[in-house]
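Using the hints, put the two standalone chains together into the complex.
Chains as they are written, first to last, in my numbering: chain H, 262 to 600; chain R, 1071 to 1181.
Think of the hints as simulated: they come from the structure by calculation, not from any bench.
Relax, there's no trap hidden among the hints.
The calculated lysine to aspartate or glutamate pairs, modelled on DMTMM-like cross-linking and capped at a C-alpha distance of 20 Å, are:
| no. | chain 1 | residue 1 | chain 2 | residue 2 |
| --- | --- | --- | --- | --- |
| 1 | H | K333 | H | D367 |
| 2 | H | K485 | R | E1111 |
| 3 | H | K376 | H | E344 |
| 4 | H | K567 | R | D1104 |
| 5 | H | K593 | H | D521 |
| 6 | H | K581 | H | E301 |
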Amino acid sequence: MAEYSPVILKGQQTSDDEILAKTPLDEKALGGDSSVIIMELLQRFKVRDVMKRQIICVPRKATLREAQHILKENRISGLPVSENDRLYGIISVNDIINGLDGGWMDEPCEAHMSKNLVVLEAGMPLSFALRYFNNYTYGRFPVLDANRKLVGIISQRDVMRALLYELSVEIRKLERKTRPEAEGGGASETKKNFFRKEWAVVHNDLSRAGHAANSIKSLLRERKIDRSLIRRVAVAAYELEINICIHSHGGVLVLLIDDDAIRITAKDRGPGIADIEWACRDGTSTANDWIRSMGFGAGMGLSNSKRVADTFNIASEVGKYTIVECIFDIPKAAEPPQG
Amino acid sequence: MNSAEIAAKTGGRLEVGTGEEKAAAVYVGDLLSDVMGHAGEECVLVTIQNHLNTIAVCTLVGCEVIVLCHSRPVPPDMAASARDEGIAIVTTPLSQFEAAMALSGLGASKK
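Chain R extracted, bound-state conformation (with noise of 0.2 Å):
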């Protein structure tokens, strides 16, 4: 699924990307450490950490996709890490249980 297409059925927009971001699974999470302990690689993160630490961890686990829950506002330079970095975020109204639901199709991210 790519980044466009998470957007879409997440009802969010996509704030930064081409929207051919792709994502194979999903992993929940709000810890970063834990985030980059368990998600495995092209997953999209859903999340609530919006700042540029996230950009950090999906950079380092190899995730394309973020979907901010809660439509939390992207800060500038998150916004710019991510764009340097290739890096989609979508900002979505749901919450994370209600966005993992979304996007239940992809199934769950293994390392």
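Next up, chain H with everything else stripped away, as it sits in the complex (with noise of 0.2 Å):
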């Protein structure tokens, strides 16, 4: 018995997995509607950040009715059969049912272990974790890495757990930035007419791109926004929004509008500018030609959004994130006619 203890394979870090770190997010197994946040949650996590990297597991000649132990005393419900971080099968509570019905319990579990799995990459997206787990009737999926190592497992509870922990983080956050009256004891003067949306923009998604834009500027309309400041705003959110969607891995652009100004950010999850001043330059790009034919990556979107902001930044980190924000003053109304 003894020699077929538990395999603890006590928490390894994964190695340079980066597989499949540009899928398209699948807005299907989200319910097509899902809010911003959660998508974007489910888009930069993946599976590895999630996953319990703590296994436990039985070897090929382990028996049957010592995995119904190890299930019953570790209060799982499936098991992998693993040897030297290769990923052989699984046994699960079904497999110990059917070993006590057919009477097979003292046969190795290789004999009896499902062969055919169905396994996660350590670098997916959550979004995909998500859609298996839609797609199949499985509690849990072995996580193998780029090199086809058991390197974790992940269940449904995984997923909730790090998606409530992670929506309760960007949940404060907003209600800092939506209600910052609540903070530094009142000193600063609270704005009125605070508004704050986002929408996430896609990789490439270019069927989508002017989506964000063309809300903005409905809700600035709605708001009976100058129509020339209106029309400012819109080039900036599009070129951004095009920016994200042609440049980088994905990202966001968010409109922030007070009593004084109108901002649009676009933040991104990388690759990041190398050289900003060159970025910024009239007819520098390096979009591919794919871009160009649709009318894009003519090297303007930058130039083009610091042309109509009344205020410009851009930051950026290579291979991390590119944050660009333009300010648009809203010019006060005019003082009422004397005498």
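What follows is the structure, given as structure tokens:
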């Protein structure tokens, strides 16, 4: 019995398995209309960020009875059959029931384990894992790295826990942003008509490009903002949206309105800009031919945005992010005529 | 000038629109960033860019009529979006230069 004691793979760091890092967001699995924050989280987080790295498994020669004890002691419902990080199969409660029923509890796991395994890869976005949970009835999936080594296991509960935690962080951030009076002891002047909205922009999805900019335009129209100002804001929003779409791994476009200004902020998850001065110059671009054939990538995006904005800020770190902020001052209403 | 007259002037066909959409000037361009940066409101856009993003750009700059040159077809998603936004699309066998010549009476679009 001691020979087959549970093998616990101590929390090991996953190697450089940056696989499928650019897998597009699967909106179907998310119901299509999910909140931007959830979509962002599901795209930003990879399976490896959420999976359990400590895996309880059994060797191939372990008997079903031994597997049953391990399941029971650890209160789990599935057990990977693995040796030297290689995954051979899975023993589930169902296999144990069949063993009890058929009387082969003393036979080795390798004879009765499920071998047609559905596995996830550590670098897949969480949206992928969610789709797997939707498409299959399994409660958990083994996770392999790029070298097909078993590095973790992920259950729906792991996904839920991670999402709930991250959502609470995001909500706290939002609350801080939308209720600035809650902080700083009320020393700062509370701005009226504070409004914030953000849109997720997916890499290379040109069919949806312009969606955020158009929504921003409609929102500003509803607020009776001056037409020429709306046009300037919309141009910057569209250019920045297209930029995220064609140059980045994906990101968000954020609209912030208060009494004094309209801010458009474009944040992405990289690859970042090495030479910002060069990138802001008219006519410089790293766009590919496909993008150019669609009428974009003329190298005017950043310069157009800079030209229309009253204040233009840009920051970037190669391999990490780019943030562009365009601020448009809202002219104060004309003073009432004297006399 | 309205979109029906623009179709007639360019020897083209009004593919989408009521014929009533208005244009007061012309802008020629296939680079959508350039169009966005320089085209004025109420212009007719003469272009070969027959896709959805052209509608997005026209919506942003306030252009109500598009003339697609070299008889480029109008994809269904582009037509649907144009209908939603109240933008007319004319297709013409002319080149951009010839179409601009045909519409020269309108003058250049200025911001």
